[in-house]
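J.: So the chains spell out like this:
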Amino acid sequence: MNSEVMFYLLAGMILVFSVLTVTSRKILRAAVYLLFVLISTAAIYFMLEYTFLAAVQLTVYAGGIVVLIIFSVLLTSHISEKAIMADRRQSLMSALAVVAGALLTLFTILRFTFTPSAEPAHTSTVTDVGNALISYDRNGFALPFEVISILLLAALIGAIIVARKEKDGIVLMKNKNLSK
Amino acid sequence: MVDYTYTLLIPLIPFVFFILIGLSGHKMKPIVSGLIGTAGLGIAAILSYITAIRYFWTDHLAESGYKSIKAFEITWLHLTDKLTINIGALIDPISVMMLIVITTVSLMVHIYSLGYMKGERGYHRFFAFLSLFSFSMLGLVLATNIFQMYIFWELVGVSSFLLIGFYYEKPSAVAASKKAFIVTRFADLGFLIGILILSFNTGTFDFQLLTSPTGPAITMPGGAAFMGMSVLTWSMIFIFMGGAGKSAMFPLHIWLPDAMEGPTPVSALIHAATMVVAGVYLVARLFPVYALGAPDALTVVAWVGGISSLFAAIIACTQTDIKRVLAYSTMSQIGYMMLALGVSGYGGENGLGFMASNFHLFTHAMFKALLFLGAGAIIHAVHSNDMKDMGGLRKYLPITHATFLIACITIAGIPPLAGFWSKDEIMVAAWHHNKILFSIEYLVAGLTAFYMFRLYFSIFWGKATHYHHTPHEAPYVMTIPLMVLAFGAVFAGFLPFHALVTSDGMPFESHLDYSIAIPSVLIALLGIGLATAMYRKSNGLPDKLAGIWGISYKWAYHKFYMDEVYLFVTKKIIFGYISVPVAWFDRHIVDGFMNLIARTVQNTSNLIKNFQSGRLQQYGYVFVTGALALVLIFVYLWN
Amino acid sequence: MTGSIPLQYFLVISTLMFFTGIYGFLTRKNLITMLMSIELILNAVNINFVAFNRYLYPQNLQGHFFTLIIIAIAAAEAAVAIAIIINIYRNFRSIDVDNVDEMKF
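Residue numbers (the working numbering), protein chains in the order written: chain H, 1 to 180; chain W, 1001 to 1639; chain L, 2001 to 2105.
Mixed in with the good hints there might be a few duds.
To be verified - Cross-link-like lysine-lysine pairs, in silico, BS3-like; alpha carbons within 27 Å at most: (1) W:K1118 - W:K1027; (2) W:K1170 - W:K1118; (3) L:K2029 - H:K165; (4) W:K1554 - W:K1571; (5) W:K1170 - W:K1027; (6) W:K1395 - W:K1118; (7) H:K26 - H:K82; (8) W:K1572 - W:K1554; (9) L:K2029 - H:K82; (10) L:K2029 - H:K26; (11) W:K1571 - W:K1170; (12) L:K2029 - W:K1609.
No lab work stands behind these hints: they were computed from the structure.
Note that the coordinates shown come from a computational prediction; the quantities given were computed from them, not determined experimentally.
Given only the sequences and the hints, what does the whole structure look like? Please build it.
T.: Structure, rendered in structure tokens:
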């Protein structure tokens, strides 16, 4: 009972704040609404008893990405600046496509009967996660772990190179007035 | 064999000086570029005189007749084993004579221009072009083969074009230069066709082979090939067409009067003494082929020459622009030369016309250059071309007056000046050949005397015109060439041409035929008398006479409407009925087809290119709807 | 803890979140809000993975780790995307997506 109330509350928060994120005219507010959505998602992970995942969601998403987004908003626009919205035609067409897509997906989901498994659940404590990440047997994730670390390193270096101020030798997106 | 290789230098020196002045003339003081050009021509003239003296006298070639000597020849283009184009220098009586004519007149014109062109813009350009012209003309006369001649022939045309259009700010000069170039170019098309027919059938370009009486051209089997005339005749007529264009023969003469837009020294050099006689030279060069192989073509030459000389002489009587009078006079005199060639036979006494033609070419170069340079001095003093603005100038320009008078007497054919001797030979040759042509020539002789003295009296006598500023005699640098040429005009007639320049190289005896000479002198005196009566003192006689002649006068005054006829033919017929439809076809059908292809491609591209709009969200939209459509199809519609 | 909540409920939530994200991606003009829409989409997918894992294959942790890796990739993506956005801002003085159309036809 409790969990159901909890679920509906979270579901309502996710939906409302999602819509607010994509419709808010103020970018900084949109970022904050996104934060709420991410926190609610973390709460759902808690409900599903994946506590480590929920913690990661909170730290990486809420603590990292959203802060990054807010910083970039502050770097690229004024706080009070209102976002330009799409024109009526574009909004309408997008809404139409999105509603059609949502209906199609919901129809598919609700028509399908999922049979929940009765098997005992695998624990997902920090120990389990840690062991799985470095084990290379059947249930191990050593390879994805290594690949993702390389990816993170590459993204780190790439982000620095792309974002840093142009100096002699490295010229990126120099075509400021190419087709003007 | 005597070595004449150095004659190569005669055309090359002006060429080198052309390059020198043309490339670096603007850095020199103007007078320096002029002096350099003059010096170049001076060297060429000295070499020419040496060549002439050696060839005619000191090298003792006369005993066996003057042979043509190839002083120098290299293969310039080796196209195939049969088709090679050579460049070289050919020395024979007429080319040596032409060397003398060209270098003498050119040198005089150079000296004269030093003064005449003073202060003009493009002084060095003028001298560069003069050098270019001299190079081309000398290369033309020294050509060893007909193709080399054709090359230099075109170079001469280009130089003429450049010099007529020297005052390129003046629209009339530009139009005149274009007209000259296009008309002569059109004629040269005939020349080229003639060359190709001739060379295709004989297998050679070489003059020595072509003109040899036993050569492939003359011994070519005759027979009617087309319209009753042989291939050789046709090719010679075509070649003559080129000569007629360059020499301003009727009906290709229309460019010559307009060419007077160029500076007067240019008119003297190119459009009186040298370039316009290139046509005569061409026929003379190929004379054995004409005389022995294609007598029908020679008849054409004779009649074209006769008609042109009469036609031009009539027009010359009515013109008031002094340079135009001289231009028509030139045309008339060249008609004489053509006629003389046309009535000539080959060899010995029969070749009288050939000799007379070259003789007249020689004397004409002297006195006509003199007339033009004199006219230049007059224009220099009066600043007008129109004889109505002149009158009573003999007091102001004594030297010009004297030399001009000498030239007028010479061209009128009064003994013992040069014109008499050469003209008399032509008369004799015509008399023996064709009485109609002979009578035309008699008439033209009278007309020539009349219009020349009309010109002379209108300029130097007549009413005393009031001038804005007193006309003054030209500087010595201009009058000295006048005096030199006057000397030539007086004494050139005593050269023993019949012993030097003959059709087959063998000298023959020539004597004065009094039964022809005396009437021709009388008719010339009649013309002079008439002109004296009409123009010596200002009186109403010319206008009255013009009134009597009425429509004929008007026709002659408007040059028999030849320009209008040409305009009608080119504008109305060629443009209107051929060019316009062709242009329409090209613009609408050919271009239209291409445009259709291009437009189709463009429209298709315009349709497609919007897929690549550069707008991220459009891409996203397409992607999302596409993905949904795929889901719809594969999940629901497929099975 | 999930009790009587059926799997479909999670899926419905994630679907709606997913399409809200797509709507945002298609209509927002600001590059940063477009990035935020992408984060929404990623989160919707994550919920799906986690829910499937919990309901259908509780004995394994594949869905869990997939989500973990997606979060890591999202972090990398966000970093690179923001670097690019800042660079665009430096070049165009604007991060409006309609201005960034140099690559069109």
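J.: Run every hint past the structure and note whether it holds.
T.: Consistency of the hints with the structure:
no., hint, in the structure
1, W:K1118 - W:K1027, "holds, 17 Å"
2, W:K1170 - W:K1118, "holds, 19 Å"
3, L:K2029 - H:K165, "holds, 25 Å"
4, W:K1554 - W:K1571, "holds, 24 Å"
5, W:K1170 - W:K1027, "holds, 25 Å"
6, W:K1395 - W:K1118, "holds, 24 Å"
7, H:K26 - H:K82, "holds, 5 Å"
8, W:K1572 - W:K1554, "holds, 24 Å"
9, L:K2029 - H:K82, "holds, 11 Å"
10, L:K2029 - H:K26, "holds, 12 Å"
11, W:K1571 - W:K1170, "holds, 23 Å"
12, L:K2029 - W:K1609, "holds, 23 Å"
Violated hints for the displayed structure: none, as all numbered hints are satisfied.
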